[in-house]
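S.K.: Go by the hints and put chain B onto chain A.
So the chains spell out like this:
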Amino acid sequence: MKENILFDVSNIEIQYPFSNESLFYEMNIPIYKNDVVLIVGDSGIGKSTFFYLLKGIIPNYIKANLKGKIIYENENILQKYPETLEKKIGYLGQNPYSQIVCANVIDELVFGMENYLFSRSEINSLSVTYADMFNLIDKLEQKTSYLSGGECQRLNLASILAYLPEIILLDEPTSFLDNQAIDIFYSNIAKLVGKKTILIIEHNIDKVLEFTNKVLYLKYEDANRKNMPNMDILINRKIDELFFGKIKRVVEDANRVDFYHGEEKNRKCVISTSLDFLYKSEKKTKDQKKFLDFNNINNIEINKAKAEVYIEKLSFKYQDSKGPIFNIETFTAKSGQIIGIIGENGSGKSTLLGCISGILKSKDEKRDSIRIFIDRKKVSKFYRYVSVLFQNSESLFFFPSIQEELLSEFKKWKKNIEKQKYYSEFLLYCDEYFFPLKRYLKKSGYSLSEGEKRRLAFMIIKLMEKPIRLYDEPTYAQDKISIDLMEKMLKEEKRLNTLQIIVSHDHDFLYRLADEIYEIKDKKLIKR
Amino acid sequence: MKKKLNPVSILILFISALPLFLPPKLFINIFYLAALLLIFFYSGLTFRSFLIFFLLSFFTSFIYIITFILNPDKKYLSGNIISIALFSYKNEYLIKIKIYEKLLNTTLASGIRLFSICLISFCSAYLIDIDNLVRFLMQRKVVSYQNGYAVSIAFQSISDIKSEYSRVNYLMKARNIKPFYKGLLPLLVYGVRYAQLAAISLVARGFNEERSIFRKVEYDKKEIIAVSIISIIIFAELLLGWFC
Chain A
403 MKENILFDVS NIEIQYPFSN ESLFYEMNIP IYKNDVVLIV GDSGIGKSTF
453 FYLLKGIIPN YIKANLKGKI IYENENILQK YPETLEKKIG YLGQNPYSQI
503 VCANVIDELV FGMENYLFSR SEINSLSVTY ADMFNLIDKL EQKTSYLSGG
553 ECQRLNLASI LAYLPEIILL DEPTSFLDNQ AIDIFYSNIA KLVGKKTILI
603 IEHNIDKVLE FTNKVLYLKY EDANRKNMPN MDILINRKID ELFFGKIKRV
653 VEDANRVDFY HGEEKNRKCV ISTSLDFLYK SEKKTKDQKK FLDFNNINNI
703 EINKAKAEVY IEKLSFKYQD SKGPIFNIET FTAKSGQIIG IIGENGSGKS
753 TLLGCISGIL KSKDEKRDSI RIFIDRKKVS KFYRYVSVLF QNSESLFFFP
803 SIQEELLSEF KKWKKNIEKQ KYYSEFLLYC DEYFFPLKRY LKKSGYSLSE
853 GEKRRLAFMI IKLMEKPIRL YDEPTYAQDK ISIDLMEKML KEEKRLNTLQ
903 IIVSHDHDFL YRLADEIYEI KDKKLIKR
Chain B
3 MKKKLNPVSI LILFISALPL FLPPKLFINI FYLAALLLIF FYSGLTFRSF
53 LIFFLLSFFT SFIYIITFIL NPDKKYLSGN IISIALFSYK NEYLIKIKIY
103 EKLLNTTLAS GIRLFSICLI SFCSAYLIDI DNLVRFLMQR KVVSYQNGYA
153 VSIAFQSISD IKSEYSRVNY LMKARNIKPF YKGLLPLLVY GVRYAQLAAI
203 SLVARGFNEE RSIFRKVEYD KKEIIAVSII SIIIFAELLL GWFC
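Chains as they are written, first to last, in the numbering used here: chain A, 403 to 930; chain B, 3 to 246.
What the hints contain is simulated information worked out from the structure, not anything from laboratory work.
Honestly, I wouldn't trust all of these hints.
To be verified - FRET-style restraints, in silico, Cβ to Cβ: (1) T486/A - F49/B: 53 to 61 Å; (2) K923/A - I68/B: 57 to 65 Å; (3) S85/B - S782/A: 47 to 55 Å; (4) Q148/B - A592/A: 32 to 40 Å.
Values in this document were obtained by computation on a predicted structure and should not be read as measured data.
Idealized CB from N, CA, C, for every residue including glycine.
One chain only, chain A, in its complex shape (with noise of 0.2 Å):
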């Protein structure tokens, strides 16, 4: 059996240059030939740094300073990354807009096999095959810029899987796409099991332990077993292979901890006194653990604008495009509602949003075709009561640090206590449950996992305090427990009067919440 093995881990500790913290992956895990591994934790814990040293990015192209064991036919991958390995293996990212290298639809999908050589009647058919398997034969001839999210991430699939790697690393494969688009690929992944080694880093795991025979949970050390997310699924499915790695950061300078409590005499920012609370709290108290049962902040006056949106006759067409991409009659979304959007990939569904906060505009869309009312008065600009969570959290981190981050929204308050109190209380059962703020506040937004900048922008998106909130796909790279708690956030909003329109693929997300939801189907927005 030992002759069988592919990777053996052991024990790997991540050091990045200039950063006083360290990663340490405290597990022992054989992985064989064949083998379905998922990966499973909670999202930041490093599943894709795992990733990154299988596939020899770290060290090779993010330098870092590794200390551990990964055995690859004797060697020691960590110490020199072998040539034949990188050739074996197929790697996913988390991303899908950016791992799109190519102008055209068929360049990008060809692009791993014309690197290994195939030739162009094995290019022809392959490219034929997985175009079809994803749904992607009449876009071949298309710009990659006009692709959607959905899109982009079904290329990528095609493009790597039709280029046969020994060994396919998928970092949350189906996080964009829709439920057809889910099922046909997982069935597809479903027919190479036993012909290639996967692993694969998915939250919503219901699907992939069909087919899975190991388990890699990594959790934090000190993790309480009941509040780890998926464990209850994992522990029902009764999993043969179950192995658990347990992550452990060390900073190495006490002096240098990430805390922004004990530095703050050295600053001169007034307003960041403000944020004192996050330490001064030690016990939670039973009133703030009830933070979101709504008990406390009767009284608090958020949101009492009465926020309305009209759209009549909505049509838009990107540039270059053959027609447009939806044609809508009527739509109308008042406040204290949750309007959830679903729709095949490339339906239109973030471009609706883009439309109604007013970004993109359309030469052929009718003149005041969307109309907003805030206390009956139309208003025209827009960004002053709408607020958005784009697919890219990024663009809503404007500091270098977290702490900046939120003070920015956070002063707006100087001289409401009872706001202050609200958010307050708001920020701090966040740190409890939902992102640790304390232990990144001197970090930047930049610097996080891709799951912790989606929540991260959703908390700012809240101290905004905007009547209108527009959410694109929020619960990307989330898991359970933090789907949990967005969806009690966002009932909380709405029995504060906020109107809040969500487009996610996670269909059952949006049953569970939303007052109406509508399906962009055949370029038309229909009513379920």
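M.R.: Structure of chain B alone, referenced to chain A:
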């Protein structure tokens, strides 16, 4: 926009327009420009885009002419003087200008040349498909694959950065973040991350200099005809003593 001509041909057309940069011969200049524009229209130039480029070029050359006339070189200030009168009202002219004939001729000729250069440059830039051009050069080993893909990705990133800019700009206003330069940070990070992830994506799919070619960028008959027409014109120019 459907491009009928190969971008490489358009580049050749642009390069062949270099005689326009040389001392002017007005009649041939206009004929040559007209022939080029015809080919550009055939290549997919829309009337609307042409109009925009025309106005931009006109404006540029107009500013040039005015500047040249107001700050002339001393060597042009000799010979005959011409009077120009504009806008008459009750037998009185509102604008009267006196200008040396030599200065006027030189300025107009240079202005027209500048106009031609601008117009051809705009049209060429609009019609050249950078990705196809780079692919063509890479396939013929003129440019290495490494440099070629770097250029191609950089050009692709322009449209992505443009849309990221509109999102950042919107959120800046929504979050009331001032001054404007704070918006540069997310754009800078976006650019760097774009480059890093694209590089990882290249490496992750086994990018190397030895690769097979699936879609070869080739010429077709129409392009050969277009390039031949231009070659004939250049040959005619040579016969007429253009380069003498």
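S.K.: Identify every previously stated hint that the structure contradicts and give their numbers, smallest first.
M.R.: none
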